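Visitor: For the record, the sequence lines run as chains A and B.
Under the working numbering, the first residue of the first sequence carries the number 1, and numbering increases by one thereafter.
Under the working numbering, the first residue of the second sequence carries the number 1, and numbering increases by one thereafter.
These are calculated hints, taken from the structure and not from any lab test.
Since this is a predicted model, take the numbers as computed values, not measurements.
Cβ atoms here follow ideal geometry from the backbone N, Cα and C, with glycine treated the same way.
Check before you lean on any hint, since a few could be wrong.
[As the list claims (entries may be wrong)] From the structure, some residues in chain B lie toward chain A, with a derived Cβ separation under 10 Å:
#: 1; residue: His36
#: 2; residue: Ile48
#: 3; residue: Glu84
#: 4; residue: Gly117
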Amino acid sequence: MARLALPIAFVALALAACDAVGAAPSLDGFWTVKFERKPSGQALIDSLPKGAVLINDTGAGELAAGDFAGLKLKPAAIEQVKKYDYSQELKRENTCVPPSVVFYMQAPFPMEIYQGRDLIVLKMEYFDMVRVVFLDGRPHPPESAPHSKSGFSTGHWDGDTLVVETSHIEPGTFMNNGFSHSKHIKLSERFRLSPDGNTLWLTQVYEDPETFEGVAARYMAWTRKPGEFVFPYECDPSYGN
Amino acid sequence: MRTRKAALARERTSSRLVGIAAALFGFGFVASAAAHHSFAVHFVADKIVTVKGTVEEFTFRNPHGLLMLTAKDEKGVEQHWRIETNSPNILRRRGWSEDSIKPGDQVTVEGYPARDGSPSMRVYRVTFPDGRELVGQRPDPTVVPGQD
Numbered sequence: 001m002a003r004l005a006l007p008i009a010f011v012a013l014a015l016a017a018c019d020a021v022g023a024a025p026s027l028d029g030f031w032t033v034k035f036e037r038k039p040s041g042q043a044l045i046d047s048l049p050k051g052a053v054l055i056n057d058t059g060a061g062e063l064a065a066g067d068f069a070g071l072k073l074k075p076a077a078i079e080q081v082k083k084y085d086y087s088q089e090l091k092r093e094n095t096c097v098p099p100s101v102v103f104y105m106q107a108p109f110p111m112e113i114y115q116g117r118d119l120i121v122l123k124m125e126y127f128d129m130v131r132v133v134f135l136d137g138r139p140h141p142p143e144s145a146p147h148s149k150s151g152f153s154t155g156h157w158d159g160d161t162l163v164v165e166t167s168h169i170e171p172g173t174f175m176n177n178g179f180s181h182s183k184h185i186k187l188s189e190r191f192r193l194s195p196d197g198n199t200l201w202l203t204q205v206y207e208d209p210e211t212f213e214g215v216a217a218r219y220m221a222w223t224r225k226p227g228e229f230v231f232p233y234e235c236d237p238s239y240g241n
Numbered sequence: 001m002r003t004r005k006a007a008l009a010r011e012r013t014s015s016r017l018v019g020i021a022a023a024l025f026g027f028g029f030v031a032s033a034a035a036h037h038s039f040a041v042h043f044v045a046d047k048i049v050t051v052k053g054t055v056e057e058f059t060f061r062n063p064h065g066l067l068m069l070t071a072k073d074e075k076g077v078e079q080h081w082r083i084e085t086n087s088p089n090i091l092r093r094r095g096w097s098e099d100s101i102k103p104g105d106q107v108t109v110e111g112y113p114a115r116d117g118s119p120s121m122r123v124y125r126v127t128f129p130d131g132r133e134l135v136g137q138r139p140d141p142t143v144v145p146g147q148d
């Protein structure tokens with residue numbers, strides 16, 4: 001927790017320095033996962049790239065071993081999955097390995113969003129992950145720059161939709177069943193509020209030619225709950241064997 | 001002099017090997033990244049088992065709470081069950097806490113069995129002798145008790 005204190009303090013100061021958000025919709029607040037039988041944000045799903053494979057493991061959903069939601073894996077990735085030892089996941093040393101932003105956004109945990117003019121911060125409950133999305137027009141760092149589980153994100157408003165592009169993502173599990181994405185994965189996201197402002201929709205679009213063919217995507221939805229807050233996660237590895 | 005030359009040659013060979021290893025690791029080959037375990041991979045989602053026994057230990061920390069339970073199987077043989085909960089963060093919002101279950105408590109636990117056949121499960125529901133219930137992972141997350 002202490003290791004997060006400094007970056008959070010920095011981000012809080014940066015946000016305080018930002019001007020009013022202006023005409024952009026406000027995503028500020030606490031958001032809890034919305035479990036839906038039928039997607040309420042179908043319009044966002046309809047705007048996904050043609051042919052994108054929609055991965056149906058969001059929220060409480062999970063894919064079993066060998067189920068990759070119809071995504072066509074590259075031969076190296078298939079070999080990787082064949083060699084994967086699921087029992088290793090139960091080891092103490094792997095218990096608290098956080099997933100990357102490719103997987104952690106879909107987890108059934110809430111988040112807080114702090115929105116400024118020049119940046120947006122997403123404080124995720126799952127594994128205490130924190131994302132910073134720069135809206136000030138800065139470029140992405142060079143390819144050789146360090147990668148991280150949250151990557152490097154820039155964003156802009158496209159009308160009422162926040163468009164975020166993320167690079168420099170450290171390899172991590174893609175579907176939590178033995179298949180990992182590479183460090184070259186590119187993530188494009190579209191965040192949009194429902195007309196009443198109480199539901200937040202997100203689509204994530206992934207391209208990673210090193211591990212799978214074509215384009216994959218996920219859809220997520222959250223409900224705004226004023227007055228609630230994210231709990232500390234503080235993963236304890238002693239759960240493992 | 002010869003010894004010094006030999007040492008230099010060894011150093012060069014060694015640095016070359018280190019260079020080759022570094023190149024291999026940096027090539028971008030994707031090894032499977034370790035991950036926090038999946039429910040679907042390790043537990044059977046469409047089957048519920050029931051165990052009645054005595055609590056040995058209860059810990060309530062992320063990523064999963066753990067309930068260690070002593071119970072007897074159908075032949076009367078004592079078994080030690082390792083029962084995990086879903087994340088305590090999720091359960092706190094449903095009324096669970098560190099003190100919800102104590103060593104010595106007699107409980108009935110229903111849950112999703114481990115795929116490997118070991119005495120292990122992910123908890124669905126814990127019931128106490130007085131009828132009190134703690135709900136863990138619901139079979140259908142879209143159905144909230146009392147709101148369906």
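Visitor: Hint validation: Ile48/B versus chain A, beta carbon distance must be below 10 Å. Holds or violated?
Guide: The hint is violated - Ile48/B has no Cβ within 10 Å of chain A, the shortest such distance being about 16 Å.
Visitor: Against chain A, is Glu84/B within 10 Å by beta-carbon distance?
Guide: With Cβ-Cβ at 8 Å, under 10 Å, it holds.
Visitor: Answer holds if the nearest beta-carbon of chain A is closer than 10 Å to that of His36/B; otherwise answer violated.
Guide: holds, 6 Å
Visitor: Hey, does the Gly117/B contact hint survive, CB to chain A under 10 Å?
Guide: Violated, about 14 Å.
Violated hints, in rising order: 2, 4; the structure is consistent with all others.
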